Structure formats: C-alpha cells, structure tokens
Amino acid sequence: MVAITLPDGSVRQFEKPVTVRDVAASIGPGLAKAALGGKVDGTLVDVGHTIDSDAKLAIVTDKDPEG
1 MVAITLPDGS VRQFEKPVTV RDVAASIGPG LAKAALGGKV DGTLVDVGHT
51 IDSDAKLAIV TDKDPEG
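Residues in the sequence shown are numbered from 1 upward in steps of one, following my numbering.
These are calculated hints, taken from the structure and not from any lab test. Careful, some of the hints might be misleading.
As a list, the in silico DMTMM-like pairs of lysine to aspartate or glutamate whose alpha-carbon atoms are at most 25 Å apart [said to hold, decoys possible]: (1) Lys-63 x Asp-41; (2) Lys-56 x Asp-46; (3) Lys-56 x Glu-15; (4) Lys-16 x Asp-54; (5) Lys-56 x Glu-66; (6) Lys-39 x Asp-22; (7) Lys-33 x Asp-64; (8) Lys-39 x Asp-64; (9) Lys-33 x Asp-22; (10) Lys-33 x Asp-8.
Okay, the calculated beta carbon distance ranges per label pair [what the hints assert, rightly or not]: (11) Glu-15 x Lys-63: 29 to 37 Å; (12) Ser-10 x Asp-64: 17 to 25 Å; (13) Gly-48 x Thr-5: 16 to 24 Å; (14) Lys-63 x Met-1: 27 to 35 Å; (15) Ser-10 x Asp-52: 18 to 26 Å.
Being a predicted model, the structure only gives us computed values, none of them experimental. We treat Cβ as the ideally placed atom computed from N, Cα and C, and that holds for glycine.
Kindly produce the complete structure, drawing on both the sequences and the hints.
In structure tokens form, the structure reads like this:
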C-alpha cells in the first residue's frame with residue numbers, strides 16, 4: 001500500500017504504485033488536466049513519475065512558480 005500525503009495534510013492510500021497523474025485524477029478531473037508535474041518529497045518530477053513508496057506530494061500546475 002502506498003500512502004500519499006497532500007499539502008493540506010490529507011492522506012490518500014493506493015493499493016499499488018501510482019503516477020503523479022493518477023493521484024491528480026483521484027482528486028479531480030480538472031486537476032488531472034491542469035497537472036504539469038509534481039513535487040515528490042520536495043523533488044520536481046513530471047506527471048508520469050511513478051511513486052512506489054509513501055511520499056509527500058504537491059501537484060504542480062501552471063498557477064505554481066514551478067509551472
């Protein structure tokens with residue numbers, strides 16, 4: 001099981017490894033469409049990056065400085 005902690009402190013559990021895009025889609029279709037990448041434990045990655053262990057994740061969109 002992979003636990004993803006979001007910036008608001010909520011935790012999403014997944015049965016298997018997930019991509020940043022998968023996590024964004026689990027939050028909402030608008031975020032999935034807007035997602036350009038993510039910050040996994042502070043490291044900038046693309047939306048196809050696979051997360052296979054517990055991590056902190058912030059979805060990056062064009063509204064973020066990194067976007």
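Outcome of the hint check:
{"no.": "1", "hint": "Lys-63 x Asp-41", "in the structure": "holds, 20 Å"}
{"no.": "2", "hint": "Lys-56 x Asp-46", "in the structure": "holds, 15 Å"}
{"no.": "3", "hint": "Lys-56 x Glu-15", "in the structure": "holds, 17 Å"}
{"no.": "4", "hint": "Lys-16 x Asp-54", "in the structure": "holds, 11 Å"}
{"no.": "5", "hint": "Lys-56 x Glu-66", "in the structure": "holds, 17 Å"}
{"no.": "6", "hint": "Lys-39 x Asp-22", "in the structure": "holds, 14 Å"}
{"no.": "7", "hint": "Lys-33 x Asp-64", "in the structure": "holds, 15 Å"}
{"no.": "8", "hint": "Lys-39 x Asp-64", "in the structure": "holds, 11 Å"}
{"no.": "9", "hint": "Lys-33 x Asp-22", "in the structure": "holds, 11 Å"}
{"no.": "10", "hint": "Lys-33 x Asp-8", "in the structure": "holds, 20 Å"}
{"no.": "11", "hint": "Glu-15 x Lys-63: 29 to 37 Å", "in the structure": "holds, 30 Å"}
{"no.": "12", "hint": "Ser-10 x Asp-64: 17 to 25 Å", "in the structure": "holds, 19 Å"}
{"no.": "13", "hint": "Gly-48 x Thr-5: 16 to 24 Å", "in the structure": "holds, 20 Å"}
{"no.": "14", "hint": "Lys-63 x Met-1: 27 to 35 Å", "in the structure": "holds, 31 Å"}
{"no.": "15", "hint": "Ser-10 x Asp-52: 18 to 26 Å", "in the structure": "holds, 20 Å"}
Checked against the numbered hints given earlier, the structure satisfies every one of them.
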